[in-house]
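A.B. asks: Hey, can you work out the whole structure from these sequences and the hints?
Protein chains in written order, with the numbering used here: chain A, 9 to 163; chain B, 8 to 443.
It is worth saying that the hints were derived from the structure and are not from the lab.
One should not assume that every hint holds.
Calculated lysine-lysine pairs in the DSS-like style (CA-CA distance at most 30 Å, straight line) [unchecked claim]:
#1 A:K107 - B:K434
#2 A:K107 - A:K154
#3 A:K23 - B:K147
#4 B:K58 - B:K199
Every value quoted in this text rests on a predicted model; they were computed, and no experiment measured them.
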Amino acid sequence: MLSDAERREIEEDIKAYADRKMGCVGALKIVQRHRGWVTDEALKAVADHLQMTPDELDSVATFYPLLFRRPVGRHVILICDSVSCYNVGYEDLLGYLTKRLGIGLGQTTEDGRFTLLPVACLGVCETAPAIMIDSDVHGGLEPPEKVEELLKLYE
Amino acid sequence: MSDGSERPLTGDFRSDGRPLDMGEYERAGGYLAIRRALKEMSPAEVMNEVKASRLRGRGGAGFPTGLKWSFVPDGEGQDAAGPRYIIANADEMEPGAFKDRILMENNPHMLIEGLLLGAYAIGAGCAYIFLRGEYGRAAKAIERALAEAYEKNHLGKDILGSDFSLEMRLHMSAGRYMCGEETGLINSIEGKRAIPRAKPPYPQVCGFMGRPTVVNNVETLCNVPHIIRNGAEWYKGLSQKLSADGGTKIYGASGRLKRPGAWELPLGTTARELLEEHAGGMREGFGFRGLLPGGASTEFILEEHLDVRMDFDSVQSVGSRMGTGTMVVLDDRTCPVGMQLSLQKFFARESCGWCTPCREGLPWVVHMLRAIEAGEGEMEDIDLLLEQARLLAPGHTFCALAPGAAEPLGSGVKYFREDFERHIRGKRCPWKIKSL
Ligand SMILES: Cc1cc2nc3c(=O)[nH]c(=O)nc-3n(C[C@H](O)[C@H](O)[C@H](O)COP(=O)(O)O)c2cc1C
Ligand code: SF4
Ligand code: FES
Numbered sequence: 009m010l011s012d013a014e015r016r017e018i019e020e021d022i023k024a025y026a027d028r029k030m031g032c033v034g035a036l037k038i039v040q041r042h043r044g045w046v047t048d049e050a051l052k053a054v055a056d057h058l059q060m061t062p063d064e065l066d067s068v069a070t071f072y073p074l075l076f077r078r079p080v081g082r083h084v085i086l087i088c089d090s091v092s093c094y095n096v097g098y099e100d101l102l103g104y105l106t107k108r109l110g111i112g113l114g115q116t117t118e119d120g121r122f123t124l125l126p127v128a129c130l131g132v133c134e135t136a137p138a139i140m141i142d143s144d145v146h147g148g149l150e151p152p153e154k155v156e157e158l159l160k161l162y163e
Numbered sequence: 008m009s010d011g012s013e014r015p016l017t018g019d020f021r022s023d024g025r026p027l028d029m030g031e032y033e034r035a036g037g038y039l040a041i042r043r044a045l046k047e048m049s050p051a052e053v054m055n056e057v058k059a060s061r062l063r064g065r066g067g068a069g070f071p072t073g074l075k076w077s078f079v080p081d082g083e084g085q086d087a088a089g090p091r092y093i094i095a096n097a098d099e100m101e102p103g104a105f106k107d108r109i110l111m112e113n114n115p116h117m118l119i120e121g122l123l124l125g126a127y128a129i130g131a132g133c134a135y136i137f138l139r140g141e142y143g144r145a146a147k148a149i150e151r152a153l154a155e156a157y158e159k160n161h162l163g164k165d166i167l168g169s170d171f172s173l174e175m176r177l178h179m180s181a182g183r184y185m186c187g188e189e190t191g192l193i194n195s196i197e198g199k200r201a202i203p204r205a206k207p208p209y210p211q212v213c214g215f216m217g218r219p220t221v222v223n224n225v226e227t228l229c230n231v232p233h234i235i236r237n238g239a240e241w242y243k244g245l246s247q248k249l250s251a252d253g254g255t256k257i258y259g260a261s262g263r264l265k266r267p268g269a270w271e272l273p274l275g276t277t278a279r280e281l282l283e284e285h286a287g288g289m290r291e292g293f294g295f296r297g298l299l300p301g302g303a304s305t306e307f308i309l310e311e312h313l314d315v316r317m318d319f320d321s322v323q324s325v326g327s328r329m330g331t332g333t334m335v336v337l338d339d340r341t342c343p344v345g346m347q348l349s350l351q352k353f354f355a356r357e358s359c360g361w362c363t364p365c366r367e368g369l370p371w372v373v374h375m376l377r378a379i380e381a382g383e384g385e386m387e388d389i390d391l392l393l394e395q396a397r398l399l400a401p402g403h404t405f406c407a408l409a410p411g412a413a414e415p416l417g418s419g420v421k422y423f424r425e426d427f428e429r430h431i432r433g434k435r436c437p438w439k440i441k442s443l
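C.D. replies: As C-alpha cells, then:
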C-alpha cells in the first residue's frame with residue numbers, strides 16, 4: 009500500500025505527463041525516498057496505482073542504477089569507476105573507502121550507515137576522482153583522505 | 008552575449024557559477040531570437056537559417072541539425088496534422104563528457120530558448136528536457152528557469168502575443184547510458200525499458216507516442232538562439248575558417264593535466280592546442296601516451312596525431328571521431344590495460360542486452376582484460392580481443408553502444424600492444440609495483 013504522502017507526491021508528479029506510465033520512474037523515486045529502497049510490496053503498489061503490471065514496472069525498475077531493488081544503508085556512496093576517474097586515482101580512492109568502511113562494492117556497513125556501489129561517469133571528469141553520496145556529487149578526491157570530511161556530513 | 012562575441016555559449020556565464028536568471032539572460036540579449044522568429048520569420052525560415060549555418064549535432068554523430076529538422080513530415084506550423092515533439096537530450100553519460108552539464112548549470116534559459124526555436128521550426132507543441140538523474144544542480148537551475156519562463160509567457164499559450172504555444176517539462180531520469188541513445192530515450196520517457204527501436208522509421212517520422220519527434224543534444228540546441236539572432240553567416244565565421252563547419256565548440260579535457268577543464272573555442276582548434284595551451288600540458292612527473300578525443304567511445308590517438316583539427320571530418324582522417332569533443336588523456340603512469348578494463352567494464356555494464364555481440368561479447372572482453380591485468384592472460388587473448396572488436400563493429404547491433412566499445416578496444420590493442428604483451432610475458436602488471 010502507498011502512504012498518503014507517497015500517493016499525493018506521485019499524483020503531483022504525474023500531472024506533468026500525458027500518460028500515467030510516463031511517471032513511473034518518478035513514482036519509483038518517490039517511494040524510494042520514503043522507504044530507502046523499492047521493496048516488492050512498493051513495486052506492486054506503484055504498478056497498481058499507474059495501471060501497469062508489476063513485471064512491466066519491474067522491467068523499468070531493474071534498468072536504472074539509481075533505483076534500488078535491494079535494501080541499502082541510510083546513505084549510498086556511488087563511486088565513479090569510469091575512465092577519467094580511473095586514470096586519476098580511482099583505485100586509491102576505492103582502496104581507501106573499502107578499508108575505512110570495512111566493506112567491498114555492493115556491501116553495507118554493519119551499522120547500516122553506508123552502502124558502497126560502483127557508478128558510471130558522474131559528468132564531473134575535470135575534477136576526477138568523484139563520488140556521489142545520496143544525491144550530492146563530490147569531486148577532487150585526490151588524495152583519498154579528502155573523503156573523510158565528506159563522510160562526516162552523512163550520519 | 009555581445010554580438011560578434013567569440014564565445015556565444017559561455018561568454019555570459021556569471022563568474023560565481025550561479026545560473027543566469029531571466030533578467031540577466033534577457034539583458035545579455037536572451038529571448039531576442041525567439042521574439043524575432045515569432046514576429047518576422049516563418050518556421051521554414053528558421054529551419055533554413057539553421058541549415059545555412061552548417062550547425063552539426065553536438066551529441067557525437069555530427070548530423071546536420073537543419074537537415075534533421077526538415078525530415079519532420081506534414082507541412083508547416085502547429086495546425087498541421089497532429090502533435091509533434093522536441094526533446095533535449097541531456098543524458099550526458101559518455102565517460103569523459105561534462106560539457107552539457109556546464110551549459111545547463113550556468114545558462115538554462117539558453118537551452119529553453121533553443122528548444123523554443125526548434126519547436127517553432129518543426130511545429131512541435133510539447134518539449135521535454137531528458138536529464139540524467141545525477142545532475143541535481145542542473146535540475147534546480149532548469150526548474151527555476153522554466154518557472155520564470157512560464158511566468159513571463161515565454162512558455163505556455165500564445166507565447167509573447169503570437170499564436171504559437173509550447174509546453175515544456177523537465178524529465179529526470181535515473182542513470183543508464185542507453186537512455187542517451189535517441190530511441191532508447193524515447194522508450195524511457197514513455198515509461199518503458201530503455202532498449203532501442205529499429206530504424207527506420209526514424210524518430211523524426213515516428214518517435215515519441217508514435218509521432219514525429221526531434222531529439223537534439225543540449226549543446227546543439229544552445230547554438231540555435233545565436234544563429235537566429237546573428238545570422239548564419241556570422242555563425243559560420245565563428246570557426247575562423249579552421250573548419251568547413253560553423254560555430255564554436257565546447258571542448259574539454261580530463262586526466263593527469265595541469266588544468267583539466269572545458270573551453271569554448273572555434274570549431275577546428277587542434278588537439279595539441281587544447282592539450283598544451285588550454286589544459287596546460289601534463290602534470291609534473293607525468294608523460295603523455297595517448298588520448299580519446301571525444302569521450303570513451305572514440306578511438307585512441309597518439310602524439311603524432313595531435314595536430315589534427317578537432318572537427319567532425321578532420322578527426323576521422325587520423326582514424327578516430329570527434330565524438331563529444333571532450334578528451335580523456337592517458338599518462339605514462341597509468342596502465343593501458345587497466346584503462347581499457349575500466350572502459351570495457353562501463354560498456355558491458357551499460358549494455359541493454361538486446362543484441363548478442365554486445366550482451367555476450369562485452370562481458371567476455373572484460374573477463375579477458377581482467378585476466379591479462381592480473382598476469383593470467385595468454386598471447387592468443389590479444390587476437391581474441393581484436394576479433395571481438397570486429398564483432399562489435401557497426402552493422403551487427405541495434406545501436407551504437409557496441410561500436411562505441413569497439414573503437415577504444417581495437418585502437419587500444421593496436422597502439423599499446425607491447426604493453427599487453429609485457430603483462431602476458433611477465434605474468435603481472437608492470438605498473439603495479441609503485442610502492443617499492
Ligand atoms: C549508447 C548511446 C548513448 C548516447 N548518449 C547520448 C547523450 O547522452 N547525449 C546526446 O546528446 N547524445 C547521445 N547519444 C547520441 C544520440 O543517439 C543522438 O544521436 C543525439 O542526441 C542527437 O543529437 P544531435 O543531432 O543534436 O547531436 C548517444 C548514443 C548512443 C548510441
Ligand atoms: S548494441 Fe548493446 S546497448 Fe545497443 S541495443 Fe544492442 S545490446 Fe543494447
Ligand atoms: S569518469 Fe568519473 S566523473 Fe567522469
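A.B. asks: Each hint: holds or not?
C.D. replies: Structure-based check of all given hints:
Proximity of K107 of chain A to K434 of chain B is assessed by CA-CA distance (about 27 Å); at most 30 Å being required, the pair is judged to hold. Annotation: proposed proximity of K107 of chain A to K154 of chain A holds, straight-line Cα distance about 14 Å (limit 30 Å). Of the pairs offered as hints, the one joining K23 of chain A and K147 of chain B holds, with about 19 Å between alpha carbons and a cut-off of 30 Å not exceeded. Between K58 of chain B and K199 of chain B the alpha-carbon distance is near 33 Å, which puts this suggested pair outside the 30 Å criterion.
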